[in-house]
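Order-wise, the sequence lines are chains A and B. For the first sequence, the positions run 37 to 166 when the numbering used here is used. For the second sequence, the positions run 195 to 476 when the numbering used here is used.
Honestly, the hints are just simulated from the structure, not real lab data. Hints are not guaranteed to be accurate.
Derived DEER-like restraints, expressed as beta-carbon distance ranges [what the hints assert, rightly or not]:
id: 1; chain 1: B; residue 1: 294; chain 2: A; residue 2: 154; range: 25 to 33 Å
id: 2; chain 1: A; residue 1: 153; chain 2: B; residue 2: 294; range: 40 to 48 Å
id: 3; chain 1: B; residue 1: 317; chain 2: A; residue 2: 153; range: 38 to 46 Å
id: 4; chain 1: B; residue 1: 467; chain 2: A; residue 2: 154; range: 43 to 51 Å
Derived list of chain B stretches under chain A, where covered just means 3 residues or more per stretch with a C-beta under 8 Å from a C-beta of chain A [stated by the list, open to error]:
id: 5; segment: 237–248
id: 6; segment: 320–328
id: 7; segment: 459–467
Every value quoted in this text rests on a predicted model; they were computed, and no experiment measured them. By construction, the Cβ of each residue, glycine as well, lies at the ideal position given by its N, Cα and C atoms.
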Amino acid sequence: MNKITRRQALGTTAGALTVLGIAGATAHAAATDSRAATTPAGTVDEVYQGRRIQIAPGTGGGHHGGHHSPGLPTVRIDGRELHVMQNADGTWISVVNHYETFADPTSLARAAVRELQGSQLAPMQMGGMA
Amino acid sequence: MTVRKNQAALTPEEKRAFTNALLELKRTGRYDRFVTTHNGFIMSDTDSGDRVGHRSPSFLPWHRRFLLEFEAALQAVDASVSIPYWDWTADRTTRSSLWAADFLGGTGRARDGQVMDGPFAYATGKWEVTVRVDGRNYLRRALGEGVAQLPTKAEVDAVLAMPVYDMAPWNSSSNGFRNNLEGWRGANLHNRVHVWVGGQMATGVSPNDPVFWMHHAFIDKLWADWQAKHPQSPYLPAAGTANVVDLRDTMRPWNDVTPADMLDHRRFYAFDAEPAAAASQR
Ligand SMILES: [Cu+2]
Ligand SMILES: [Cu+2]
Chain A
37 MNKITRRQAL GTTAGALTVL GIAGATAHAA ATDSRAATTP AGTVDEVYQG
87 RRIQIAPGTG GGHHGGHHSP GLPTVRIDGR ELHVMQNADG TWISVVNHYE
137 TFADPTSLAR AAVRELQGSQ LAPMQMGGMA
Chain B
195 MTVRKNQAAL TPEEKRAFTN ALLELKRTGR YDRFVTTHNG FIMSDTDSGD
245 RVGHRSPSFL PWHRRFLLEF EAALQAVDAS VSIPYWDWTA DRTTRSSLWA
295 ADFLGGTGRA RDGQVMDGPF AYATGKWEVT VRVDGRNYLR RALGEGVAQL
345 PTKAEVDAVL AMPVYDMAPW NSSSNGFRNN LEGWRGANLH NRVHVWVGGQ
395 MATGVSPNDP VFWMHHAFID KLWADWQAKH PQSPYLPAAG TANVVDLRDT
445 MRPWNDVTPA DMLDHRRFYA FDAEPAAAAS QR
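Please take these sequences and the hints and turn them into a complete structure.
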């Protein structure tokens with residue numbers, strides 16, 4: 037699996053990286069973290085391999101303890117939304133890595149950046165029947 | 195009667211008929227509607243909400259029906275064609291004849307993952323990826339890069355030995371045969387094969403790669419093999435389950451077909467090698 041630690045990510049994107057909040061893996065712990073008072077837990081704004089990743093935490097059921105049905109975070113890559121989904125065990129998948137699970141939205145978004153190889157996400161579309 | 199064959203046993207003429215029928219469905223636009231349908235279900239099937247095509251008991255009957263519809267479309271082009279299955283426990287390397295230029299073509303080139311040979315290479319002008327999640331309109335693969343090994347026969351046999359079809363909570367966290375075959379739990383069979391192929395096969399628009407049908411035809415055969423091993427084990431759940439397709443509930447998008455209608459594949463096709471126990475029941 038694609039496991040890149042936050043330290044490694046900081047190293048690969050030195051100078052360009054801004055992590056406003058806390059990387060997704062620690063989103064739960066962030067509820068008790070003092071930094072959570074100024075930046076919502078799970079908020080990410082970073083440049084990874086030349087692409088801007090922005091993660092805004094989900095709303096609705098977003099208070100501490102709402103882990104059973106948290107609102108999905110909005111994940112954007114260079115401003116385009118990435119369709120993401122959370123599995124029952126807490127892991128994450130996206131429409132570009134649909135059959136492989138990731139521990140948190142940040143590693144999911146970084147995997148999407150690697151998969152995209154510079155390509156832009158298409159506008160999200162739902163439905164459509166044969 | 196349609197007979198689904200192991201892709202490794204196809205004659206050159208059968209390979210050509212199959213790939214030509216695929217190209218014709220692509221040309222008419224029919225093919226892409228299947229990709230759109232699949233991605234719609236991939237994005238809407240959720241563990242905590244309505245789930246039909248994936249991460250639920252109806253994963254198997256839904257894909258059986260989806261492949262039947264696709265096979266009927268192929269046969270409207272060429273009545274001699276059926277969907278071959280890819281036994282990835284046996285044909286497990288990038289050197290398999292499956293990936294030769296006279297069949298599906300090989301892996302993608304390093305620079306951008308683009309498949310450069312075979313009937314589905316972008317340069318042929320006959321296989322533009324139009325239903326997509328990003329800007330790239332060429333077929334991509336990265337065989338063996340996302341994960342090194344395809345599932346083994348021993349891993350498949352261990353899943354086939356599981357006696358219970360599916361279990362609550364009927365999603366990606368379930369124990370039982372269905373979820374272990376789908377791959378969200380355990381050794382990871384079906385999901386891992388998508389990742390091993392890479393490119394579009396690893397995304398929600400996975401049917402853009404023709405190998406999708408051959409992978410799912412083998413998953414479908416493993417369901418038949420499992421039924422033959424466990425003739426007393428029914429599809430579950432039977433009734434009254436929220437967000438989940440029970441045995442006699444209809445499945446979207448067709449709304450006129452239930453898992454019960456899909457249990458016996460012999461109503462629709464045979465396999466070149468039928469499971470022995472099932473054959474003796476008839
Ligand atoms: Cu599917
Ligand atoms: Cu699949």
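Here's how the hints hold up against the structure:
1. 294(B) with 154(A): 25 to 33 Å: 30 Å Cβ-Cβ, so the 25 to 33 Å window holds.
2. 153(A) with 294(B): 40 to 48 Å: Violated, since residue 153(A) and residue 294(B) (Cβ atoms, about 26 Å apart) do not stay within the stated range.
3. 317(B) with 153(A): 38 to 46 Å: With Cβ atoms ~19 Å apart, the hint is violated.
4. 467(B) with 154(A): 43 to 51 Å: 45 Å, holds
5. 237–248: This one holds; 5 residues, not fewer than the three required, reach chain A with a Cβ under 8 Å.
6. 320–328: holds (count 3)
7. 459–467: This one is violated; 0 residues, fewer than the three required, reach chain A with a Cβ under 8 Å.
The earlier numbered hints that this structure contradicts are 2, 3, 7.
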